[in-house]
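**Q** In the order they appear, the protein sequences are chains A and B.
Heads up: the first sequence runs through residues 1 to 223, numbered per the working numbering.
Heads up: the second sequence runs through residues 224 to 944, numbered per the working numbering.
These are calculated hints, taken from the structure and not from any lab test.
Quantities reported herein were computed from a predicted structural model and do not represent experimental measurements.
There could be a bad hint or two in this list.
In silico lysine-lysine, BS3-like type, Cα no more than 25 Å apart, as pairs [stated by the list, open to error]:
#1 B:K815 x B:K858
#2 A:K111 x B:K386
#3 B:K849 x B:K884
#4 A:K204 x B:K652
#5 A:K204 x B:K847
#6 A:K24 x B:K399
#7 A:K168 x B:K928
#8 A:K168 x B:K503
#9 B:K540 x A:K38
#10 B:K621 x A:K102
#11 A:K111 x B:K858
#12 B:K768 x B:K639
#13 A:K182 x A:K38
#14 B:K595 x B:K281
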Amino acid sequence: MGIVVFPGSNCDRDMLHVLSDVFKFDAKLFWHQDRLPKNLDAVVLPGGFTYGDRLRAGVIASHSPIISDIKKMAEKGLPVLGVCNGFQILVETGILPGVLLKNDSLQFMCKWTELIVKNNKTPFTNKLKMNQRIAIPIANGEGRYYVDNKTLESLKKNNQIVFQYTEKINGSSDRIAGVCNKEKNVVGMMPHPERASEQLINPKNSGTTSKIFESLMISIGAA
Amino acid sequence: MSLLVQEKEFLQKKIGRKANPTELQIVAAQWSEHCSYKSSKMHLKMLPKQGKKVISEKGLDSGVLDVGDGYVVTVHIESHNHPSAVDPYGGAATGVGGIIRDILSAGTRPIAILDSLRFGNISKDPYAKWLFKNAVRGIADYGNCLGIPTIGGEVEFDNCYKKYALVDVAAIGFGKKNRLIKNNAANGDLVVLIGGLTGRDGIGGSQFASDILQEENRSAVQIPDPFIEKLIIEAILEARNQNCIKAMKDLGGGGLACAISETADTLSVGIQVDVNKIHKREDGLSPAELMTSESQERMLIITDKKKITKLKKICKKFGVPCSVIGHVKKDKMIQVRDNKNKIALLPANVVANAPLLDRHASIPKYLKKIQKEPKIKSPQNLTKILLRMLSNPNLASKTWVYSQYDHEVGIRTVVKPGHDAAVLRLDNKKFLALKIDGNPKHCYVDPKQGAIGCFEEACRNVVCTGATPIGMIDHLQFGNPEDPEIFWTFKKSLEGISDYAKHLKIPCVGGKVSFYNETDNGPIKPTPIIGVLGLIDHAPLVSQKIMKNDLLLIVGQTKNELGGSEYYEYIHGVVGGTCPSVDFIASKLNMKSVLTCIKRGLVNASHDCSNGGLAVAVSELCIKNKIGCSVLIDKIPCKSLALDRILFSESHSRYLLVVTKKNLNTVCNLLSKNNVQFGVIGTFNGSDITFRKKAKIIVNLSVDKGRKNWLRSLEALVSNG
Numbered sequence: 001m002g003i004v005v006f007p008g009s010n011c012d013r014d015m016l017h018v019l020s021d022v023f024k025f026d027a028k029l030f031w032h033q034d035r036l037p038k039n040l041d042a043v044v045l046p047g048g049f050t051y052g053d054r055l056r057a058g059v060i061a062s063h064s065p066i067i068s069d070i071k072k073m074a075e076k077g078l079p080v081l082g083v084c085n086g087f088q089i090l091v092e093t094g095i096l097p098g099v100l101l102k103n104d105s106l107q108f109m110c111k112w113t114e115l116i117v118k119n120n121k122t123p124f125t126n127k128l129k130m131n132q133r134i135a136i137p138i139a140n141g142e143g144r145y146y147v148d149n150k151t152l153e154s155l156k157k158n159n160q161i162v163f164q165y166t167e168k169i170n171g172s173s174d175r176i177a178g179v180c181n182k183e184k185n186v187v188g189m190m191p192h193p194e195r196a197s198e199q200l201i202n203p204k205n206s207g208t209t210s211k212i213f214e215s216l217m218i219s220i221g222a223a
Numbered sequence: 224m225s226l227l228v229q230e231k232e233f234l235q236k237k238i239g240r241k242a243n244p245t246e247l248q249i250v251a252a253q254w255s256e257h258c259s260y261k262s263s264k265m266h267l268k269m270l271p272k273q274g275k276k277v278i279s280e281k282g283l284d285s286g287v288l289d290v291g292d293g294y295v296v297t298v299h300i301e302s303h304n305h306p307s308a309v310d311p312y313g314g315a316a317t318g319v320g321g322i323i324r325d326i327l328s329a330g331t332r333p334i335a336i337l338d339s340l341r342f343g344n345i346s347k348d349p350y351a352k353w354l355f356k357n358a359v360r361g362i363a364d365y366g367n368c369l370g371i372p373t374i375g376g377e378v379e380f381d382n383c384y385k386k387y388a389l390v391d392v393a394a395i396g397f398g399k400k401n402r403l404i405k406n407n408a409a410n411g412d413l414v415v416l417i418g419g420l421t422g423r424d425g426i427g428g429s430q431f432a433s434d435i436l437q438e439e440n441r442s443a444v445q446i447p448d449p450f451i452e453k454l455i456i457e458a459i460l461e462a463r464n465q466n467c468i469k470a471m472k473d474l475g476g477g478g479l480a481c482a483i484s485e486t487a488d489t490l491s492v493g494i495q496v497d498v499n500k501i502h503k504r505e506d507g508l509s510p511a512e513l514m515t516s517e518s519q520e521r522m523l524i525i526t527d528k529k530k531i532t533k534l535k536k537i538c539k540k541f542g543v544p545c546s547v548i549g550h551v552k553k554d555k556m557i558q559v560r561d562n563k564n565k566i567a568l569l570p571a572n573v574v575a576n577a578p579l580l581d582r583h584a585s586i587p588k589y590l591k592k593i594q595k596e597p598k599i600k601s602p603q604n605l606t607k608i609l610l611r612m613l614s615n616p617n618l619a620s621k622t623w624v625y626s627q628y629d630h631e632v633g634i635r636t637v638v639k640p641g642h643d644a645a646v647l648r649l650d651n652k653k654f655l656a657l658k659i660d661g662n663p664k665h666c667y668v669d670p671k672q673g674a675i676g677c678f679e680e681a682c683r684n685v686v687c688t689g690a691t692p693i694g695m696i697d698h699l700q701f702g703n704p705e706d707p708e709i710f711w712t713f714k715k716s717l718e719g720i721s722d723y724a725k726h727l728k729i730p731c732v733g734g735k736v737s738f739y740n741e742t743d744n745g746p747i748k749p750t751p752i753i754g755v756l757g758l759i760d761h762a763p764l765v766s767q768k769i770m771k772n773d774l775l776l777i778v779g780q781t782k783n784e785l786g787g788s789e790y791y792e793y794i795h796g797v798v799g800g801t802c803p804s805v806d807f808i809a810s811k812l813n814m815k816s817v818l819t820c821i822k823r824g825l826v827n828a829s830h831d832c833s834n835g836g837l838a839v840a841v842s843e844l845c846i847k848n849k850i851g852c853s854v855l856i857d858k859i860p861c862k863s864l865a866l867d868r869i870l871f872s873e874s875h876s877r878y879l880l881v882v883t884k885k886n887l888n889t890v891c892n893l894l895s896k897n898n899v900q901f902g903v904i905g906t907f908n909g910s911d912i913t914f915r916k917k918a919k920i921i922v923n924l925s926v927d928k929g930r931k932n933w934l935r936s937l938e939a940l941v942s943n944g
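Please model the entire structure based on the sequences and the hints provided.
**A** Next comes the structure, spelled out in structure tokens:
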């Protein structure tokens with residue numbers, strides 16, 4: 001399991017802790033100028049402020065050398081997860097559809113919220129039930145997922161909406177919190193599963209959110 | 224240039240000649256009040272600094288506490304008041320940056336930020352609103368980008384901060400004890416400057432901060448760049464892991480001039496630098512500008528010659544500029560060169576140690592007048608008053624503020640913002656509780672008791688999470704120290720803090736003094752801020768949901784102490800009266816007993832009773848848990864007091880405890896055995912907050928209505944205009 005670290009990533013060590021200490025994956029950090037080894041089972045792009053969010057969140061990191069390796073993994077059908085800034089990067093690379101705009105509050109928002117599972121056929125949701133609710137926090141300034149109506153229709157048709165918010169939180173199209181590619185192996189989400197998978201730090205119930213990582217275990221044949 | 228005539232003479236005598244202009248600039252930066260503590264240093268000695276858990280080693284810019292199992296916590300506090308009053312966004316952001324580098328320079332990773340913010344009356348003053356909004360955004364943008372959670376703090380509005388702002392930021396670090404930077408240097412070691420480019424921003428910043436704020440001096444305000452700070456953090460921690468750092472110092476107030484003179488003096492060595500080697504933002508900077516620029520995101524590192532290649536490689540990996548600007552010598556002199564030209568040559572100990580001042584102090588004339596108890600007409604409808612109190616921006620929910628801060632990153636935040644104190648988990652399975660508190664309204668009425676009160680309040684907040692206080696930090700903010708009346712308030716506050724620290728055996732592990740907090744509108748009220756760190760060995764008290772029929776206890780006595788209270792000032796518009804004072808014996812007893820109850824698992828939730836008094840504290844519990852509570856005033860321990868006084872007095876040493884019926888007897892027995900004053904005052908039930916005197920209903924407020932006012936009032940104030 002690989003976790004990619006860009007200049008300005010700041011959830012990389014959190015993700016490493018959750019993957020290796022909580023879920024016992026064999027996880028490792030990779031600097032953005034390194035190559036990813038060929039035998040990786042999955043890769044995660046963590047949250048943060050790559051390049052200080054300059055120009056537009058995620059856009060500079062989407063030109064890092066390591067992106068070509070991530071693209072190859074995506075094409076091979078291996079599980080790829082982008083969280084928060086990682087999602088923004090995946091959108092900027094074109095691997096995932098849509099864009100992420102400033103929240104309609106025009107503010108950075110750090111808040112615990114709830115998601116509804118809309119697709120449980122991805123490598124990160126296969127242990128969740130359809131329409132199940134999970135407690136999770138968001139922390140972003142540019143988290144408003146936007147697609148035009150035509151794209152939204154195609155996302156719905158292809159089952160690419162993975163998570164929706166239960167509340168109108170930031171003005172996202174169709175309250176979308178996370179999407180996947182057509183092949184369903186690449187998932188991007190704005191909320192932070194790594195901040196919600198241990199009961200100690202989850203004010204609600206970490207059991208359901210943990211299923212995101214438990215799903216990954218099944219997907220790579222570790223469970 | 225801010226050197227006084229007598230300071231120039233002192234310097235001339237010390238070095239045996241007239242100093243040249245560049246030398247004078249260097250000395251002026253270092254001898255500014257901001258860098259030298261010349262007015263306060265001789266008094267600060269009264270603070271107790273030693274303790275079982277305190278690690279004090281030379282050259283550390285932050286306090287270090289041993290939290291066991293080979294781990295340490297570092298802590299420091301600073302303000303950025305003048306810059307924030309001119310440029311709230313940049314001033315607040317760079318305030319965060321500076322304190323983070325202090326934590327980093329000990330060799331520990333910054334893991335949390337707390338901020339304490341004060342502005343004018345935002346209900347009426349659009350300028351105060353502008354300062355408030357932008358200071359919050361500045362802190363948010365900087366801290367969020369670094370990935371360091373902002374987990375707590377306080378916000379207060381008071382007319383004394385008109386056209387001004389107090390922006391205090393505290394930071395916490397965590398690391399392994401054996402990785403602390405040892406701070407030593409030997410002849411021939413290299414002096415390396417890493418981080419941002421040096422430019423013209425912040426020139427004379429430390430002197431700007433050491434004078435009354437009369438005109439906007441934007442060039443004295445530094446420009447923030449959190450992205451490079453993030454890269455510096457990672458580069459330095461990697462350099463630390465590879466043993467590339469012998470000594471390290473943040474470049475803050477006074478820039479390179481202060482960093483090298485303080486480092487050389489502390490390590491008893493000489494340092495020679497060549498300003499030509501500094502990486503710059505622009506050409507044409509004079510040597511004096513280069514030495515005193517306060518451009519942000521820069522660190523000074525002393526490294527062994529053998530390690531320089533490794534250090535450069537690390538910096539290159541992270542894209543952090545890095546220049547070898549000089550070397551360590553034996554001569555204990557500061558030598559500045561521009562290529563071959565000698566620009567300055569001064570003894571380090573002279574530059575680093577400004578002549579101290581013993582300022583005159585005299586009791587302020589205003590005190591006698593305002594300590595008389597004002598005549599207040601008790602209002603008829605106390606329900607209405609409670610509702611107004613809950614919408615008071617000083618008491619209302621601060622969700623609008625902390626929801627802009629990433630308080631989850633780092634995945635340590637167990638007790639989140641919006642509670643008494645924040646709690647972080649540490650890698651050794653222990654927990655750290657943190658809170659900072661200030662109370663200028665109390666301190667204005669009684670500087671000594673007010674300061675002790677802030678300290679006790681911070682302790683109470685930490686205790687409410689089940690933590691034992693292990694250390695404190697103080698930030699003492701006052702007006703012009705040359706005014707004997709202001710200096711008196713400083714000395715009294717410091718005395719109070721020292722007395723209480725000694726009584727409770729809580730060492731002071733860091734602090735800062737900030738004077739000259741004045742504008743044309745006059746000086747601020749005395750504003751000491753106290754931060755307390757508490758350690759929890761096993762599990763913190765994470766407040767559980769309050770259930771129907773749970774019982775409410777109050778520990779501590781409610782006294783006729785409404786001077787400087789929110790009730791007097793916000794509702795009645797009067798300043799003065801008797802401010803709450805701390806009874807040291809009751810304070811310790813109540814604290815110990817509450818901690819015992821919490822540690823034994825007998826308490827389901829606890830809450831500190833402070834600003835706004837008992838009625839507000841009970842309402843907060845009800846609002847957060849969406850449940851009503853019926854309180855019997857007759858059960859509240861107090862000497863015969865008017866009803867409004869019982870509800871809104873801000874007496875210290877009081878705690879609210881929520882216990883189940885099952886645990887009630889055990890808790891009562893324990894408190895009685897310890898001779899603690901307490902009362903079982905209420906039962907949670909229904910959807911109204913009611914206070915009764917015998918059968919008579921005094922207050923009856925629906926939780927829902929209270930909640931709406933409490934939750935929305937601050938946000939409504941900010942978003943309207």
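**Q** Now tell me, hint by hint, if it's right for this structure.
**A** Now for the hints, and whether the structure bears them out:
no.: 1; hint: B:K815 x B:K858; result: holds (22 Å)
no.: 2; hint: A:K111 x B:K386; result: violated (32 Å)
no.: 3; hint: B:K849 x B:K884; result: holds (20 Å)
no.: 4; hint: A:K204 x B:K652; result: holds (21 Å)
no.: 5; hint: A:K204 x B:K847; result: holds (15 Å)
no.: 6; hint: A:K24 x B:K399; result: holds (24 Å)
no.: 7; hint: A:K168 x B:K928; result: holds (23 Å)
no.: 8; hint: A:K168 x B:K503; result: violated (47 Å)
no.: 9; hint: B:K540 x A:K38; result: holds (23 Å)
no.: 10; hint: B:K621 x A:K102; result: holds (22 Å)
no.: 11; hint: A:K111 x B:K858; result: violated (39 Å)
no.: 12; hint: B:K768 x B:K639; result: holds (15 Å)
no.: 13; hint: A:K182 x A:K38; result: holds (23 Å)
no.: 14; hint: B:K595 x B:K281; result: violated (48 Å)
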